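Add chain B to chain A, keeping to what the hints say.
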Amino acid sequence: MKRPYKFLLAAAVLVAIIGIIAALYMYNLTDRDLQKVKPDFVITAGALLKAFSDDEAAASSKYINKIIEVTGTIESVKAGEENSLNVILGTGDPLSTIICTFQSGNDPAGFPVGEEITVRGECAGFLMDVLLNNCSVI
Amino acid sequence: MLVKMKKIITLLVAIVTLTGTYAQKYVTKNGYIGFYSHTPVEDIKADNNQVAGVLDISTGDLVFQVLIKSFKFEKALMEEHFNENYLESDKFPRSTFTGKITNIASVDFSKPGSYDANVEGDLTIHGVTKKITAKGTLEVTSGSINANSKFTIAPEDYNIKIPNVVRNNIAKTLEVTVNMKYPLAEGK
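As given, the protein sequences belong to chains A and B, one line each in that order.
Take the first sequence: its letters are residues 9 to 146, numbered as in the working numbering.
Take the second sequence: its letters are residues 81 to 268, numbered as in the working numbering.
Watch out, some of these pointers could steer you wrong.
Unchecked claim - Chain A is faced by these chain B residues, among others (derived, beta-carbon under 10 Å):
no.: 1; residue: Lys149
no.: 2; residue: Asn239
no.: 3; residue: Val245
no.: 4; residue: Arg247
no.: 5; residue: Glu255
no.: 6; residue: Lys261
To be verified - Distance windows between CB atoms, simulated:
no.: 7; chain 1: A; residue 1: Asn91; chain 2: B; residue 2: Asn248; range: 27 to 33 Å
no.: 8; chain 1: B; residue 1: Glu219; chain 2: A; residue 2: Pro116; range: 30 to 36 Å
no.: 9; chain 1: A; residue 1: Lys74; chain 2: B; residue 2: Thr178; range: 39 to 45 Å
no.: 10; chain 1: A; residue 1: Ile26; chain 2: B; residue 2: Lys230; range: 49 to 55 Å
Said to hold, decoys possible - Calculated lysine-lysine pairs in the DSSO-like style (CA-CA distance at most 30 Å, straight line):
no.: 11; chain 1: A; residue 1: Lys74; chain 2: B; residue 2: Lys155
no.: 12; chain 1: A; residue 1: Lys44; chain 2: A; residue 2: Lys14
no.: 13; chain 1: B; residue 1: Lys105; chain 2: B; residue 2: Lys241
no.: 14; chain 1: B; residue 1: Lys211; chain 2: A; residue 2: Lys58
no.: 15; chain 1: B; residue 1: Lys241; chain 2: A; residue 2: Lys74
no.: 16; chain 1: A; residue 1: Lys70; chain 2: B; residue 2: Lys155
no.: 17; chain 1: B; residue 1: Lys125; chain 2: A; residue 2: Lys70
no.: 18; chain 1: B; residue 1: Lys171; chain 2: A; residue 2: Lys70
no.: 19; chain 1: A; residue 1: Lys46; chain 2: B; residue 2: Lys125
no.: 20; chain 1: A; residue 1: Lys74; chain 2: B; residue 2: Lys191
no.: 21; chain 1: B; residue 1: Lys241; chain 2: A; residue 2: Lys70
no.: 22; chain 1: B; residue 1: Lys155; chain 2: B; residue 2: Lys252
no.: 23; chain 1: A; residue 1: Lys58; chain 2: B; residue 2: Lys180
no.: 24; chain 1: B; residue 1: Lys171; chain 2: A; residue 2: Lys74
no.: 25; chain 1: A; residue 1: Lys44; chain 2: B; residue 2: Lys125
no.: 26; chain 1: A; residue 1: Lys46; chain 2: B; residue 2: Lys215
no.: 27; chain 1: B; residue 1: Lys241; chain 2: B; residue 2: Lys211
no.: 28; chain 1: B; residue 1: Lys105; chain 2: A; residue 2: Lys46
no.: 29; chain 1: A; residue 1: Lys44; chain 2: B; residue 2: Lys211
Rather than coming from a laboratory, the hints here were simulated on the basis of the structure.
All values reported here derive from a predicted model rather than from experimental measurement.
Each residue gets a CB set at the ideal place from its N, CA and C atoms; glycine is no exception.
One chain only, chain A, in its complex shape (with noise of 0.2 Å):
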């Protein structure tokens, strides 16, 4: 085989081998760790809820899929399936609220009821309450 032909090869296999880590690396990204993320916005709870209550249409395409800190009181923690935990923010509002999902491995004692918490999220909307997932305390 000439020289050219070795190289390209060479260079074709490199290509393929570097597109196949890729791909796998693509395909196992798992969520990201938001701790380590920048939000794109920072919020009160009942700052939050007002803007979805205003206008469910205008705060979605503002907020769903983005990253938001939000602090708020804790008002109620309730565990979920799959190891995960729903701390529940007050908003002022006595039937909505900020629901942060803590996906997995939280202790419901790291959240004493009552207490002023900071919580990273990603916004999923609004169902009866604004919902945030992936959440990490800050």
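Structure of chain B alone, referenced to chain A:
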């Protein structure tokens, strides 16, 4: 006259108490719905711990609502495909179930225990509504009513198109698990 008044009042009190007892709605916003797909190629699982649900134990009326974006997958890429390509969650952000426990009369809510429940109703996913039936259990405890069910659905029925490339990775029917815990005391 006085006796008559007394009778009427007793009757009124009885009506108010009875309707009060019987129109009992229980609400949770922290319910769970998950689904599971098994193929020889891979197993896929998604969990949603932000399910809102109302159960009326007098009529058996049952309502669930979820945001599609609240389903969490093990792999970020799966979640992205699920939202953007298959469920189109920007266009159809919610999924709902509105139905009934048809044998609610056979459940004694004053007695702790596990009761079989037959459920039927309309399930809306991806903008498509289908009638479904499912079997489940109602577990009555001193602090809560737990409603659990497992049933299968076919993505095809809901006009969810799965491209050929991943056809073998996603099962034709998915197993759906519903676990709702309705607290008996007032709470959110």
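Tested hints:
1. Lys149: holds (4 Å)
2. Asn239: Asn239(B) check fails; min Cβ-Cβ to chain A is 22 Å, beyond 10 Å.
3. Val245: violated (13 Å)
4. Arg247: With a minimum Cβ separation of about 17 Å from chain A (threshold 10 Å), the hint on Arg247(B) is violated.
5. Glu255: Since chain A brings no Cβ nearer than about 14 Å to Glu255(B), farther than 10 Å, the hint is violated.
6. Lys261: With a closest approach of 8 Å, the Lys261(B) hint holds.
7. Asn91(A) with Asn248(B): 27 to 33 Å: With a Cβ separation near 30 Å, Asn91(A) and Asn248(B) satisfy 27 to 33 Å, so the hint holds.
8. Glu219(B) with Pro116(A): 30 to 36 Å: violated (22 Å)
9. Lys74(A) with Thr178(B): 39 to 45 Å: violated (31 Å)
10. Ile26(A) with Lys230(B): 49 to 55 Å: Since Ile26(A) and Lys230(B) have Cβ atoms about 44 Å apart, the given range 49 to 55 Å is violated.
11. Lys74(A) with Lys155(B): holds (18 Å)
12. Lys44(A) with Lys14(A): violated (44 Å)
13. Lys105(B) with Lys241(B): violated (37 Å)
14. Lys211(B) with Lys58(A): violated (36 Å)
15. Lys241(B) with Lys74(A): Holds, at roughly 27 Å.
16. Lys70(A) with Lys155(B): holds (25 Å)
17. Lys125(B) with Lys70(A): holds (29 Å)
18. Lys171(B) with Lys70(A): holds (16 Å)
19. Lys46(A) with Lys125(B): holds (28 Å)
20. Lys74(A) with Lys191(B): Judged against 30 Å, a Cα distance of about 46 Å means the pair is violated.
21. Lys241(B) with Lys70(A): With a Cα-Cα distance of about 28 Å, the restraint between Lys241(B) and Lys70(A) holds, given a limit of 30 Å.
22. Lys155(B) with Lys252(B): Within the cut-off at roughly 20 Å; holds.
23. Lys58(A) with Lys180(B): It is violated: about 33 Å lies between the C-alpha atoms, which goes past 30 Å.
24. Lys171(B) with Lys74(A): holds (17 Å)
25. Lys44(A) with Lys125(B): holds (26 Å)
26. Lys46(A) with Lys215(B): violated (45 Å)
27. Lys241(B) with Lys211(B): holds (20 Å)
28. Lys105(B) with Lys46(A): Judged against 30 Å, a Cα distance of about 41 Å means the pair is violated.
29. Lys44(A) with Lys211(B): Distance ~44 Å between Lys44(A) and Lys211(B) Cα, so the pair is violated.
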